[in-house]
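With the first letter of the sequence shown counted as 1, position 28 gets the number 28 in my numbering; the numbers rise by one all the way through.
These are computed hints drawn from the structure, not numbers from a lab.
Glycine included, C-beta positions come from ideal geometry on N, C-alpha and C.
Watch out, some of these pointers could steer you wrong.
[Claimed, not checked] Distance windows between CB atoms, simulated:
1. Ile42 with Val18: 24 to 32 angstroms
2. Asn16 with Ile60: 26 to 34 angstroms
3. Gly6 with Lys26: 45 to 53 angstroms
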Amino acid sequence: YKSATGKTKRASIKFNSVGAVIEAVKRGAEGTIISLLAASDIPGFTLVPFSSPLVRVFSITYGTLSTRAMDELVSFLEERRSCTDE
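Please build the complete structure, drawing on both the sequences and the hints.
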């Protein structure tokens with residue numbers, strides 16, 4: 001675009017569905033999604049923002065084990081160990 005018009009144009013990518021992403025890849029599109037911080041120091045990278053920006057939600061789930069479940073697991077493992085020792 002710049003070589004034809006002498007002007008720069010801000011590029012952006014917009015995919016309206018998962019199917020659109022699949023079709024783009026089938027037709028030869030290549031790319032990766034990484035954070036701006038990770039890509040800022042890599043020479044030769046061209047950063048193209050998404051319209052609208054991607055948002056990733058992080059959550060932490062804490063599991064709980066009941067004492068009985070842990071006892072059953074330990075019993076099972078001890079039984080397996082004794083079977084292989086024989």
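The hints, checked one at a time:
Checked against the given bound of 24 to 32 angstroms, the beta carbons of isoleucine 42 and valine 18, roughly 27 angstroms apart, stay inside it. Distance hint for asparagine 16 and isoleucine 60: a CB-CB separation of about 31 angstroms, consistent with the stated range 26 to 34 angstroms. The hinted range of 45 to 53 angstroms is not satisfied by glycine 6 and lysine 26, whose Cβ atoms lie roughly 34 angstroms apart.
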